[in-house]
Amino acid sequence: MANAAGETAPAILAANRISKSFGEIPVLFSIDFDIHPGEVHAIIGENGAGKSTLIKILSGLEQPTSGTITYDGQTVTLPPNGEAEAMGIVVIHQELLLAEHLTVADSIFLGRELTRNGFLRLREMREQAAKILDTLHVHVDPDARINTLSVADKQMVEIAKAISRDARVLIMDEPTAVLSVAETETFFAQIRRLSAKGVAVIFISHKLDEIMELADRVTVLRDGQLIATVGNQDLTPDSIAQMMVGRELSNLYPPKHEPDVDAPLLLSVTNLSAPGLKEISFELRRGEILGFAGLIGSGRTAAAEAIVGLIHRTGGAVELRGAPVNFTEVSQSVAAGLAYMTKDRKGKGLLLNVGLQPNLTLLTLAKHMRSGFLDGKSEVKALDRAVRRFDIRARDASVRVGQLSGGNQQKLMLGKMMESEPEIIIMDEPTRGIDVGTKQQIYHIIAALAAEGKAIILISSEMQEVIGLSHRVLVMREGRMAGVLEGAEIGEAQIMRYAAGIKQGGDDERISA
Amino acid sequence: MSVSAHETGKPGRSFRIDLKTAGPLVALIALCIIGYSLNPAFLSEGNIANILTRSAFIGIIAVGATFVITAGGIDLSVGSMAAFIAGVMIIIMNSAVEAFGVSIWTVLLGCGSSLILGIGAGFINGFLTTKGKIEAFIVTLGTMGIYRSLVTYFADGGTLSLNSSAREIYRPIYYDSILRIPIPVWVFIAVAIIGWVLMNRTAFGRYCMAIGSNEHVARYSAIKVDRVKTATYILQGLCVSLATIIYVPRLGSASSATGVLWELEAIAAVIIGGTMLKGGFGRVGGTVIGALILTAIGNILNLTEIISNYLNGAVQGVIIIAAVYLQRGSLRAGKRKAAE
Numbered sequence: 067m068a069n070a071a072g073e074t075a076p077a078i079l080a081a082n083r084i085s086k087s088f089g090e091i092p093v094l095f096s097i098d099f100d101i102h103p104g105e106v107h108a109i110i111g112e113n114g115a116g117k118s119t120l121i122k123i124l125s126g127l128e129q130p131t132s133g134t135i136t137y138d139g140q141t142v143t144l145p146p147n148g149e150a151e152a153m154g155i156v157v158i159h160q161e162l163l164l165a166e167h168l169t170v171a172d173s174i175f176l177g178r179e180l181t182r183n184g185f186l187r188l189r190e191m192r193e194q195a196a197k198i199l200d201t202l203h204v205h206v207d208p209d210a211r212i213n214t215l216s217v218a219d220k221q222m223v224e225i226a227k228a229i230s231r232d233a234r235v236l237i238m239d240e241p242t243a244v245l246s247v248a249e250t251e252t253f254f255a256q257i258r259r260l261s262a263k264g265v266a267v268i269f270i271s272h273k274l275d276e277i278m279e280l281a282d283r284v285t286v287l288r289d290g291q292l293i294a295t296v297g298n299q300d301l302t303p304d305s306i307a308q309m310m311v312g313r314e315l316s317n318l319y320p321p322k323h324e325p326d327v328d329a330p331l332l333l334s335v336t337n338l339s340a341p342g343l344k345e346i347s348f349e350l351r352r353g354e355i356l357g358f359a360g361l362i363g364s365g366r367t368a369a370a371e372a373i374v375g376l377i378h379r380t381g382g383a384v385e386l387r388g389a390p391v392n393f394t395e396v397s398q399s400v401a402a403g404l405a406y407m408t409k410d411r412k413g414k415g416l417l418l419n420v421g422l423q424p425n426l427t428l429l430t431l432a433k434h435m436r437s438g439f440l441d442g443k444s445e446v447k448a449l450d451r452a453v454r455r456f457d458i459r460a461r462d463a464s465v466r467v468g469q470l471s472g473g474n475q476q477k478l479m480l481g482k483m484m485e486s487e488p489e490i491i492i493m494d495e496p497t498r499g500i501d502v503g504t505k506q507q508i509y510h511i512i513a514a515l516a517a518e519g520k521a522i523i524l525i526s527s528e529m530q531e532v533i534g535l536s537h538r539v540l541v542m543r544e545g546r547m548a549g550v551l552e553g554a555e556i557g558e559a560q561i562m563r564y565a566a567g568i569k570q571g572g573d574d575e576r577i578s579a
Numbered sequence: 002m003s004v005s006a007h008e009t010g011k012p013g014r015s016f017r018i019d020l021k022t023a024g025p026l027v028a029l030i031a032l033c034i035i036g037y038s039l040n041p042a043f044l045s046e047g048n049i050a051n052i053l054t055r056s057a058f059i060g061i062i063a064v065g066a067t068f069v070i071t072a073g074g075i076d077l078s079v080g081s082m083a084a085f086i087a088g089v090m091i092i093i094m095n096s097a098v099e100a101f102g103v104s105i106w107t108v109l110l111g112c113g114s115s116l117i118l119g120i121g122a123g124f125i126n127g128f129l130t131t132k133g134k135i136e137a138f139i140v141t142l143g144t145m146g147i148y149r150s151l152v153t154y155f156a157d158g159g160t161l162s163l164n165s166s167a168r169e170i171y172r173p174i175y176y177d178s179i180l181r182i183p184i185p186v187w188v189f190i191a192v193a194i195i196g197w198v199l200m201n202r203t204a205f206g207r208y209c210m211a212i213g214s215n216e217h218v219a220r221y222s223a224i225k226v227d228r229v230k231t232a233t234y235i236l237q238g239l240c241v242s243l244a245t246i247i248y249v250p251r252l253g254s255a256s257s258a259t260g261v262l263w264e265l266e267a268i269a270a271v272i273i274g275g276t277m278l279k280g281g282f283g284r285v286g287g288t289v290i291g292a293l294i295l296t297a298i299g300n301i302l303n304l305t306e307i308i309s310n311y312l313n314g315a316v317q318g319v320i321i322i323a324a325v326y327l328q329r330g331s332l333r334a335g336k337r338k339a340a341e
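In the order they appear, the protein sequences are chains B and G. So the first sequence is numbered by this note's numbering: it starts at 67 and just counts up by one. So the second sequence is numbered by this note's numbering: it starts at 2 and just counts up by one.
Okay, chain B solo, but in the shape it has when bound (with noise of 0.2 Å):
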């Protein structure tokens, strides 16, 4: 399955053979790709299967290790640092770059302001930002602050933005993540409206639908290689899923070892609101792993968060072994045996500048002291523990734990969590951005935890590890529960329907597949 569409058209943008490691790791293989004038060009993948490094490279914001890439028919080297954008590459991110405090036209005209001897033309530039805000339909006020707009409306400004500086190719990093149906809506009528003015348009998306519906081409990656690049006519949703994941799964993930049906309940949570979280229930036994599928936004984290008082909760009971509870800081729902481990773990799980002891030992210091004092002798065994029990390959302790590849970083994270002791772990995204062979460590580690009586809330967005370790999965979408799976009912199509949210409705409206 070759290249089925735009042979008419040369190729505005192409990669040829590309690859890209960062340091000694591969992550891209020898990558062709082309997109011609008013295609829309989908790049789908697993998580780090090396879609947000394509479009770096395609961007100028990485350079490639090997491989060129030819723009309008010439051989270039793509400036870095985003100077791509005056070439007319222009790259929307996922975190949408805009500064909150500028208005509208401020925002789309930011870096090539127009001027009058040195003063900016300011009724200038709002008419062209309300002109070019018109021709898009968007109606949003030219003077309005960016940090007033809706997250839709600030991902109008971005395209507005894209348009006034004469996008040849537009690049965008999900760009329906944050919106809402509705909303997705709009955006679709937007790029249609690119494409037909002959924009190239290359987004990544993990919604199979809205591939189905957009894409002309879709291009599959996975573990950094190309699968395929095919027309949107051969493809249906079953036909990309089997190849994103293609691997053979049996020897990833270990084996399921069902929990009792009578294991005691550790954890009940019963309609659980808070800021972008909306009656959540469910129920977690012991020994039992219940997976959190959903895409990214979803209220996943911000469930795991509202457990563990991290976030305010604003309605719904919690309640831990039978006894409601009702956390505000972490160091009550760690006391309680329930730990959470989270999915940042450069800004907010590590301190990366220290070595690795005083990281191991930060959540539970008290358990390492005598008399008021710290006793290091009491740490430094914890450390040789916890590298022991967790295969922590670092090159002394002393190494600062910026400088561990991600894996060992992880698995610090998770022996500084087990020193906690926890009955109850919540992992948020345990294996985002490490390599395969570390991810089963991790997944063997996860399920020998639940074979020991532990209770697991597996949070990820990969959805082959959900599907791989979970007993139960809960679907989420939008803040509020989308469905409960289980047994043989979890599968990424089931899954992703409700993710999705092609399938809506809690257990009642629940149709097997």
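No lab work stands behind these hints: they were computed from the structure. Please note: incorrect hints may appear among the correct ones.
[Said to hold, decoys possible] No more than 25 Å apart at the CA atoms, straight line, and that leaves these computed lysine-lysine pairs for DSS-like:
#, chain 1, residue 1, chain 2, residue 2
1, G, Lys279, B, Lys433
2, B, Lys414, G, Lys134
3, G, Lys132, B, Lys414
4, B, Lys433, G, Lys225
Just so it is clear, the structure is predicted and the values come from calculations on it, not from any experiment.
Could you slot chain G onto chain B? The hints should help.
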């Protein structure tokens, strides 16, 4: 290779940091040699005692500042706070003399009120930064102005003087020695040791470093961030009150000129000592040496004619910038040396 238990202790770590740790100490020794060569009187017992006693004020305050800065904060109010506490102490002691006559209790009352004021002032700074969610720079800039203006108001623009008979009792705290070491130096030594233990051997010190290095990580690691941060300001207030207690008997007075620029000297001592201004890494030992370096510079300029004493601030400024440059550039410098 995995880490083994025996490698995880100090040996591996110490060598690397030792170079950095030694930096301020080497600078101090160099300064002493320069001082001695310019004027041998620099190393006379009297002069050394003088340097140590004078560095005690800034040094004690700087030990407190080490905690505030390590935890990612800053306290600009310490100089004004010292003046304010000194002023109120004198007022309280003078009224006590009027009411009950002079006794040792007069001085104890003054010291007690100093401690309470210091702790209270520190708590206000801490409370406003944590619960009020205002940047420490702004809060302490505000309280700095408030305390300075209050002491000027109490002194009615002039000087508050301690009752002479009370001063007679109080005098020895500054001027007397125990085992030939002046009392202020003993206090400095005690504060430094307690500070060092607190920073390096207790959970509190570890928490300060964690918060200064990444507040999110600290919060996610079950650390009561607000409480620890407030505690650093209280500790700072306590240090200021101790410094004031040994400062008041020196002149027996307080005015709007008391403690001017102490905050900057304290911060300079902390930075010269190797603590990072952005937080996350604090060294009490370094701070002590930093305070000694600052005092020694002024002392050397007093003892020699080469550079005018009026340039004291300029020399200190050069030293601060040079110290930080060397700490930041230590890696590059190390490589260059290795290549030679």
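### Query
Which of the listed hints are not met by the structure?
1
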